[in-house]
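Asker: Sequence:
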Amino acid sequence: MTDIGAVTGLHTAFASLDPEPLLAAPPALIEFLPLAIYACDASGRICWSNAKAAELWGRPPAIGEKVEQSGAGYRIYGLDGVLIADGETPLACALRTGESVEGRRLLIERPDGSRITAMVHITALMDSGRNIVGAINCFHDVTEQLREDRAARASERQLREILDALPVALYTTDGEGRITYYNEASVDMSGRRPALGDDKWCVTWKLFHPDGTPLAHDECPMAVALREQSPVRGAEAVAERPDGSRVPFIPYPTPLFDPAGEMVGAVNVLVDIGHRKEAESQQRLLFAELNHRIKNNMQMLYALLAAARRETGSEDARSALDEASRRVAAMAAAQTALYQSDNLSRFDSAAFMTSVCAVATGACGDTIRLDLHCDAGKLANDTAVPLALILNELVTNAAKYGADARGRGTIRVALTEAEGRFLLTVEDDGPGFDLCEVRRKSSGLGLVAGLARQIGGRFRVERQSGARCVLEFSGPPGASS
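Residue numbers for the sequence shown follow the working numbering, beginning at 1358 and rising by one.
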């Protein structure tokens, strides 16, 4: 590709020479230049030319010929395809006015009918009296360059059309954070049209953190991405439109780098999560209502069981009703933990353990002391009821078999978490037991084993001098967060 600055410099050098010797004979170097060059007198007749000119014309010209005349089988067109008359060609204008032509693109039709796009540079030559005595014309083939430029512009236009059609807000900035482009979805989301080159960091009018506190534009995720030259992920923000309405969104700012590794700007996609937040709120309301109704139903069931116990005369029946009441109470405690949770899929483990243990030990009287330890974490909602029943059975069993002769004892309960695995332990100071033997006699421990399998856990008794019951199970993904 020929450098336009180099061509201009060459023209300046030619213009500084004495025009008469220059028109009489060409400089020796012209045959070594990658440019088509010829000189003509004041009437436009060729004085000399190089081989490159003949190559681009499609034939060698004759000395004294007016090569830019259409009658010579050589036509010149504008890029719009309109034929340029002989007297209006760039050479004719330069010879008439004395004004130079710098970098004008033309279509040249050669004698064989083929066409090339040429970039023309013409300098009029003047004698000491400022009379036009001729001209130097340099031209070079830019057909491929023009094709590549058009292809690049078409590709850029197509990319813009694609970006404009995206249903998500997208914009770009330069390396200083100034907005250089935004699509129509950005206007819809922000409620305004940013000023290109003036607005910085974000297309929004005002920004807030998810908790409602103001977020300065120069501290927004895009500003951070540009400052740290690294993508920002996992952030949320709230945009306020000029009309006062607000839109929660997730940004995805990503810096852009040139081939040399220098940051030249960034692109950001803003995903509107308003509908998702609204749906989550509706789900949370429905979830809370469902939990509330289930809790009420369990309380009613518990009351019915208590009434049945008071009315029955059979000791075995009263014992069975007591056991059923404790289990219903444990399930109600689990439902309370779910009711209090603001998450649709997880609940707080500490609040859950406190609630269920309080119900279980409450049925054992005041002589049983409970030591509870629980790591902070989250449990999956579908484990709540099975885990409550397991904990109730283990605490009840420990209170029954771990008390001393005066009915006093201590139960140690712990729920620990490590690498997504939870460990529930219930210990007492009683005589201990053999799990297989007791399982055959106790429907409660049989229930524990079945419920452990239901939540994908493993249940075992680890020591015989006293009882240490252990349940190991998995938590939800990211349970400790």
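Take these hints with a grain of salt, some might be off.
[Claimed, not checked] The calculated label-pair distances, taken between Cβ atoms and stated as ranges, are:
hint	residue 1	residue 2	range
1	1621	1514	15 to 23 Å
2	1620	1416	21 to 29 Å
3	1416	1541	50 to 58 Å
4	1505	1633	18 to 26 Å
5	1505	1388	27 to 35 Å
6	1621	1422	45 to 53 Å
7	1726	1568	39 to 47 Å
8	1518	1490	51 to 59 Å
FYI, nobody ran anything at the bench for these hints, they're computed from the structure.
For clarity, every value in this text was computed on a predicted model and none was experimentally measured.
Every residue gets a Cβ at the ideal spot worked out from N, C-alpha and C, and that includes glycine.
Asker: Can the suggested window of 39 to 47 Å be confirmed for the beta-carbon pair residue 1726 and residue 1568?
Answerer: Holds - the Cβ-Cβ distance for residue 1726 and residue 1568, about 41 Å, lies within 39 to 47 Å.
Asker: With 50 to 58 Å as the target window, see if residue 1416 and residue 1541 comply at their CB atoms.
Answerer: Holds - the Cβ-Cβ distance for residue 1416 and residue 1541, about 54 Å, lies within 50 to 58 Å.
Asker: Check the following: the C-beta atoms of residue 1505 and residue 1633 are separated by a distance inside 18 to 26 Å.
Answerer: violated, 44 Å
Asker: Is 21 to 29 Å respected by the C-beta to C-beta distance linking residue 1620 and residue 1416?
Answerer: Taking Cβ atoms as reference, residue 1620 and residue 1416 lie about 52 Å apart, which means the hint is violated.
Asker: Can you let me know if the beta-carbon spacing of residue 1518 and residue 1490 is within 51 to 59 Å?
Answerer: holds, 53 Å
Asker: Between residue 1505 and residue 1388, does the beta-carbon spacing fit 27 to 35 Å?
Answerer: Since residue 1505 and residue 1388 have Cβ atoms about 28 Å apart, the given range 27 to 35 Å holds.
Asker: Just tell me: holds or violated, for the beta carbon distance of residue 1621 and residue 1514 against 15 to 23 Å?
Answerer: holds, 21 Å
Asker: Please check whether residue 1621 and residue 1422 have a Cβ separation lying inside 45 to 53 Å.
Answerer: holds, 51 Å
The structure is inconsistent with the numbered hints 2, 4, although it conforms to all the rest.
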